Amino acid sequence: MNLSLFIPEIALAITAVLVILLDLFIRQKYVMRYLSLAGLVVAGVFSFIMWGDNNPAAFNNMLAADNFAVFFKLLFLGIAFLVILASADYESKFANFRSEYYALILLSTTGMMLMSAAADLISLYIALELTSISLYVLVSLLKDKKSTEAALKYLLLGAIASAVLLYGMALVFGATGETQLAAIAQSLQTMTDSTPLGNPALYMGIVLMIAGFGFKIAAVPFQMWVPDVYEGAPTTITAYLSVGSKAAGFAIILRTFFTAFGEPFTISHDWGIIFAVMAVISMIIGNMAAIPQTNIKRMLGYSSIAQAGYLMVGLATFGLAMPATALGESGLLFFLVSYALTNLGAFTAIIIISNKINSDTIADYAGLGRRSPLLALGLTFCMVSLIGIPPAAGFMAKFYIFSQAAQHGLLWLVIIATINSVISAYYYLRVVKVMWFNEAASTEKVPSSAAPGIALALCCIGVLLLGVMPGLLMRLAEIASSIFTF
Amino acid sequence: MDFNYLSTILFLPAAGALVIALIKGNNDKHIKRLAVVFTAIPLALAVYLFIAFDRSAGAAAMQFEEKYLWIAPLNANYHLGVDGLSLPLMLLTTFLGFLAVLISWKVHERPREFFAWLLLMETSIIGVFVSLDLLLFFIMWEIEVIPMYFLISIWGSGRKGYSATKYVIYTLFGSAFMLAGILSVYFTTGSLSMVDIANQGLGMVQTAMPAAAIFWLLFIGFAVKLPMFPLHTWLPDAHTDAPTAVSVMLAGVLIKMGGYGMIRLVSMFPAQAQQYAQWLIILALIGIIYGAAVTLMQTDIKRLIAYSSISHMGYVLLGIFALGEVSLTGAALQMFSHGIITGLLFAMAGLVIHNIEVRDLRKLGGLGRQVPIITAVFVIAGLASLGLPLTSGFAAEFMVFLGSYTSTAVAHLNIYTIVAIIGVVLTAGYILWMLQQAFYGPVKEEFNSVKDADKLEKVYMFVLVAVIILVGVYPAILTDIFKLGISPIVGLIGG
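Going down the list, the protein sequences come from chains A and B.
All residue numbers for the first sequence refer to our numbering, where the first residue is 1 and numbers rise by one.
All residue numbers for the second sequence refer to our numbering, where the first residue is 1 and numbers rise by one.
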């Protein structure tokens, strides 16, 4: 027992409780925002200090505090920080629940941090539920028809996904007799080559776990909830869902599949194929469905499905490559950071715009290039990054993840992915086109208070920096993922 | 090298774009003057490098090199340098970039954005010609898409939105294959350096992909840009609907990126180039004949010039894949020559459209009396385009044909060359028809009040004409330096 390893999570949970308690005494609710931000900074500082300690196991091997976990913790804290900054004006839409809103964001961030640290199926499940339940409530916060429908849909489908995941875990436990990821791996090593193959329960378990996690990362065919939930949820929460929840899903998949099912190669090869196929259909369906969308939140919902497809190229690489040489994961980590910054930037711009024009319809963005050039420029840059055109980070992320796939003989997958990027250019550029080329209905400026503007600026600067000088983050991603080399 | 000439040339236009975007006030003149300054200095530096380039026998192939480690995990370098091939093309880019600003002097719609995008585009095109690292090369190649998209869709004419989107999708489609090709090269050789790959060959490890597949992946990317038949259909739309200065840049230097990339590709994959040369030459011939035939049918003055590019780029493709030293030099010269000639043609067409407000050749006529200067320059440009001796067009086409006729690298080249020469006849046909339709014939009274070229327009017209004649009379000024870049490549080709 070494509690000091989990100061960041503890700090965050305490902040969440404080926010709820202080809500009873303090009338100026904006205090809660600053309190939450302070909590995130404290947690971030403590996480940062732990970088390099690399404690593989703690709490009876239930949780790990290695570089991989720290990398993701910092990512989640950064995401939550930007989302809260971006909420500054938007929170007036649910004025009665401001404190609950911030507390729930902090709690789900805690859950995500634990997800990235979970080294045991049981702790993994608990962390995942902590995240999910907070998110169900957050989605419903607007309390209008769409928001309620979205929350109910998310809750029901999420509950099914959790059940499927649990069932998969139970089967894996049945086949191996272990719940700890490392112990599962050991138990698989002792089986002869024919035994894991001859054990359908194990395979069934792995497939069901992929289905459960697939729901989290919004991969086809587990993507049904995405467009409705993205559209109905408060936009800040859509932003949070689209990056935080997805990154947490990938963190958990990376750790589970690499630690527990990384060897023998017969198994990793098989789940690698599954991810490759899911990557292909996610990219194609996500991009195709995004094309006809008229609501920008729905469009970005489908786009996030396609982006999950690009990310799964990394998973496929790392399943299909021989384990000793696997590199796919560092590309994945880099892609996740770049995607988080880009998507948060795009959503922040959308939040600022919808505060003013009260619409998420793409056609209503006409003439924004004239009304607020900086805002339009920021959103344009994020769209360019999502397409994957340099000098934005999206290009480097794709280059990095695809280069690792190509290196391991997955060039066919790379070609499908790059062609999909071209298709995606069509709908991303449509937003750009409407903003810059169509005539505006009014010439009124779109005002923004300082905080969301800062969030947007931070995202855009980050996207540019990662696109031009990606070396440092690539190095960090390599260090973080080095825990997976045998 | 004490002073980073290439970086300065590369980033000055981008810096200018930034200054123009951020400067206070909405003074048109001020913005345009800034644009002139930020394109004139790179031009002056490029001229200096052209003079200072070491042409002696033992000199290094790559000069003015700059190399810094850029992304350690990918082994990517910030590596710039020019050789005999890329230096004239860089000079051409800075030259046309400067003239494009003058040509745009009458742009009054959203000038701040226009000049910012124009300058940003110049940086990315220069970047393509001076990058020696494949990743940097690809980034520069891609960056150009965004300014072009804005320039065509905001300041264009006709179906501008359609043309701009078509251009972007085509280019990205080609780039998708190119990216896959670059990744494969990277993992077969472990290097992103174009120089190292050309010097050491691909013989190292042939893991993921056979070399032929990589060759084709890269080739598609360049072929879309050149454009090679049947990947050319974006060109007439984009060229026709773009604003004048952008048409000049598109035809003048942007499509040269494709030809330049192909020559570099030949240097990296000499064996594959030779293996498939025959097929590519046949496509080149189709492009020459088909392009010229379609040009004959055009009635829109800009569209006619745009289609003529397809035919002219066919000569470039023929020259490259004839794989002889003379033919490759001819192809490079043809790229340069086509850049200035078609640049001038587009500038003149833009002037006609601006001053007369008619772009349909059937409605024009008899302008020779009313606008004598425009007519004279247009005729010179047209004659240069059809390859009249003493113009650069003649020198270039002559070298391509001579080189391909005598080259032994590919079978039956003499027959192919003769077929290609038919294209010259067709070219004469459409150029003369265009000149006759627009400038000769009965004088039309409704054009009596049309203005001729003003002072500024005369400046860029005459400068371009002077360069066309200079290169036509004394082509060695360019061929000598092109040869320095091309002979090492030819040395790699067997046979």
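One or more hints might be untrue.
What the hints assert, rightly or not - Which stretches of chain B does chain A cover? Using the computed rule of at least three CB atoms under 8 angstroms from a CB of chain A, they are:
no., stretch
1, 327-336
2, 452-464
Stated by the list, open to error - Pulled a few chain B residues facing chain A out of the computed Cβ check, cut under 10 angstroms:
no., residue
3, PHE177
4, ALA213
5, LEU283
6, LEU285
7, ILE289
The hints are simulated quantities; they were obtained by calculation from the structure and are not laboratory data.
Note that the structure is predicted; figures quoted are calculated from it, not measured.
Just so it is clear, CB atoms sit at the ideal spot from N, CA and C, and this is done for glycine as well.
Right, here's what the structure says about each hint:
Against chain A, the stretch 327-336 of chain B contributes 0 residues with a C-beta closer than 8 angstroms to a partner C-beta. That does not satisfy the three-residue criterion, and the hint is violated. Counting residues of the stretch 452-464 of chain B whose beta carbon lies closer than 8 angstroms to any beta carbon of chain A gives 0, which falls short of the minimum of three for the stated coverage. Because the smallest distance between the Cβ of PHE177 of chain B and any Cβ of chain A comes to about 7 angstroms, under 10 angstroms, the interface hint for this residue holds. At about 8 angstroms, the closest approach between the beta carbon of ALA213 of chain B and any beta carbon in chain A falls short of 10 angstroms, and the interface hint on this residue holds.
A hinted interface residue such as LEU283 of chain B counts as satisfied when its beta carbon comes closer than 10 angstroms to some beta carbon of chain A; here the least separation is about 22 angstroms, so the hint is violated. The interface hint given for LEU285 of chain B is violated, since its Cβ lies 29 angstroms from the closest Cβ of chain A, which is over the 10 angstroms cut-off. The restraint placing ILE289 of chain B at the interface with chain A is violated, with a minimum CB-CB distance near 30 angstroms, outside the 10 angstroms limit.
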